[in-house]
Amino acid sequence: MQSDIKRLSLILLFAPFALWIVLLIIVPHIGMVVLSLKEKVAPRVYEYGFGNYIDFIQEPIYWNTLLRTGSMSILVTILALLIGFPIAYYIAKIAGNRSRGALFLLCLIPLWVSDLIRAFGWILLLRESGVLSSFLQDTGLVSQPIEFLYNDITVIVGLVYTVILFMIVPLVSTLDGMGDDMIEAGYNLGGSGFTVLRKIIVPYAMPGIVSGCIVVFMLTAGSYLTPILLGGKNSSWFTEQIYDQFITRFNWESGAAFGFLLLAFTTLVVWLGLKLTGQTLANTVAKS
Amino acid sequence: MAIATQNKALMFGYRAYIFAFFIFLAAPLIAAGTFAFNDSLFPSLPWQGFTLDWFFNDTEPKLGMFHDRRLLRGLYYSTVIGVMVSTLSVFVGTCNAFLFVRGEFPFKNVFYILMVLPLVIPGVILGISILVMASNIANGLEDGYNIELEFLRPGILLVVLGQFSFITTITSLVITARLKKFDYTMEEAALNLGASRWQVLRSVTLPFLRPAMVAAGIVAFLVSFENFNTTLFLVGSEAPLTITMFDRISKVGSTPVLNAVSFALIVGSGLLALISVLVQRDKTDG
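Line order of the protein sequences matches chains G and C. Be aware that the first sequence starts at 0, since it is given in numbering that gives the first Met the number 0, and climbs by one per residue. Be aware that the second sequence starts at 0, since it is given in numbering that gives the first Met the number 0, and climbs by one per residue.
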């Protein structure tokens with residue numbers, strides 16, 4: 000009787016989970032892969048084959064875009080880690096008790112403002128008639144308006160800006176759990192600042208670092224707004240290609256193939272990252 | 000505190016770096032918000048004086064946001080979608096929390112990873128895969144049985160499903176974390192005092208979870224409200240605010256009415272985020 004009730008409640012609890020994962024994650028992704036293996040041979044006539052993937056390999060623009068998106072995303076991830084780590088360390092370990100909460104909150108609030116508004120803010124600052132350009136002209140440093148938008152550096156800065164808080168937040172929570180005594184012990188044993196960082200702090204913070212890197216990399220590689228708005232129409236971001244195939248050309252088969260390629264590529268990078276650092280998905284992302 | 004502070008200059012440099020970072024963090028938000036109050040037709044310098052026209056004026060060319068029909072409709076759809084997504088995802092998230100904290104079943108770890116997975120799938124891909132599935136079903140029904148199901152075509156339902164598919168992971172993680180801290184003896188005490196399982200759940204366990212559920216609901220609403228990538232592929236004629244704004248920014252060029260909306264959203268989401276933090280903080284220490 001008791002165990003029957005337990006089993007029933009387990010099934011009842013399992014049902015929403017199963018419906019969600021099966022109907023909205025697994026089945027749609029299988030559908031996407033199946034669609035990507037279809038080729039249009041005549042109107043409303045399809046054949047199965049790897050045509051869409053062969054098109055991808057044969058057209059340099061496509062795979063260049065994917066490689067570009069991938070490498071820029073890795074660069075953005077590294078930059079976000081390098082810029083974000085000192086910030087997280089300051090908030091978790093150096094700031095006093097009262098300013099810590101305030102600083103953390105200051106970090107969290109922009110996190111909840113839409114990417115769109117943040118990109119819009121950057122446009123207002125950086126465009127030819129924008130604040131930075133006017134400011135430089137007023138101070139006499141330059142004589143003509145300067146366009147800061149529509150180049151790779153701006154896209155990278157904008158992306159780092161968009162995702163860096165997803166790096167800082169897990170780092171702060173991991174570093175928060177580290178006792179100050181561990182760091183002091185490191186110094187007492189004669190370690191230099193750099194040694195302590197390398198041998199004690201970084202290994203301790205590894206789950207947070209990996210978790211932040213995974214989320215940041217995924218968000219960057221899958222981002223659409225920031226590269227389009229800050230990089231202009233020629234930003235060649237892979238999500239733009241997917242959108243183009245789906246909405247503009249209405250070529251869903253090839254769009255699905257691109258979607259699968261992006262997923263496979265990002266998964267591969269994340270998997271490599273996990274292997275290299277000896278972490279698992281369960282003890283990194285799942286914890287943050 | 001713990002780091003060696005032998006070098007004052009280094010510490011000063013560190014502080015300056017932190018300060019510069021927060022300027023960097025705030026700059027675009029300040030730019031997006033401030034130009035809402037500039038009495039000019041363009042959101043750029045020079046400053047032409049203070050105005051509230053971009054909020055309240057009811058005539059072109061300075062049509063304020065509260066009189067701009069399309070923006071208001073976008074706001075309405077975003078709110079409707081946000082409420083639906085947050086209700087659904089908090090419900091499923093709570094079930095998931097009980098399932099993974101209390102339940103014992105084979106392959107639990109595998110299922111747990113499946114639960115976390117949607118968070119690391121790019122939003123664009125969630126969007127297209129759900130679009131493909133819904134269209135397949137709709138086309139199949141239309142070809143085979145001549146039934147046209149409008150709700151399987153891009154529109155509010157698909158947007159809700161698309162956002163729900165990954166926001167549920169967020170709510171599940173938030174509520175799971177809280178349920179893990181629950182003290183079993185409280186339930187046992189209630190059971191010993193003669194309460195039924197249902198009563199225990201309603202009067203002991205759920206009240207304990209409430210702060211996490213409220214916080215998760217707010218977070219879900221905010222993430223839904225500002226979602227763009229997944230929504231982009233699933234949107235029909237009922238465009239939520241982010242889509243409407245993106246169209247304006249990328250096509251028409253910007254007027255300060257967009258700054259007015261930005262200002263309202265920055266203040267609104269800031270307040271909501273603050274509430275979600277405070278709700279959780281109040282009772283977690285207990």
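No lab work stands behind these hints, which were simulated from the structure alone. Be aware that a few hints might be false.
[Stated by the list, open to error] Below, computed lysine to aspartate or glutamate pairings styled on EDC-like, alpha-carbon distance capped at 16 Å: (1) G:LYS92 to G:GLU38; (2) G:LYS37 to G:ASP54; (3) G:LYS5 to C:GLU103; (4) G:LYS274 to G:GLU252; (5) G:LYS232 to G:GLU252; (6) G:LYS232 to C:GLU103.
Exercise. Holds or violated: G:LYS232 with C:GLU103, Cα cutoff 16 Å?
Worked result: violated, 51 Å
For this session: Please work out if G:LYS274 and G:GLU252 have their alpha carbons no farther apart than 16 Å.
Result: Outside the cut-off at roughly 33 Å; violated.
Exercise. Would the pair G:LYS5 and C:GLU103 pass a check requiring their Cα atoms to be no farther apart than 16 Å?
Worked result: The given pair, whose Cα atoms are some 10 Å apart, holds under the 16 Å limit.
For this session: Take a quick look at whether G:LYS232 and G:GLU252 sit within 16 Å of each other, Cα to Cα.
Result: violated, 23 Å
Exercise. Are G:LYS37 and G:ASP54 close enough, with their CA atoms no more than 16 Å apart?
Worked result: holds, 13 Å
For this session: Sort out whether G:GLU38 lies within 16 Å of G:LYS92, counting only the CA atoms.
Result: violated, 57 Å
Going through the hint list in order, the structure does not satisfy hints 1, 4, 5, 6.
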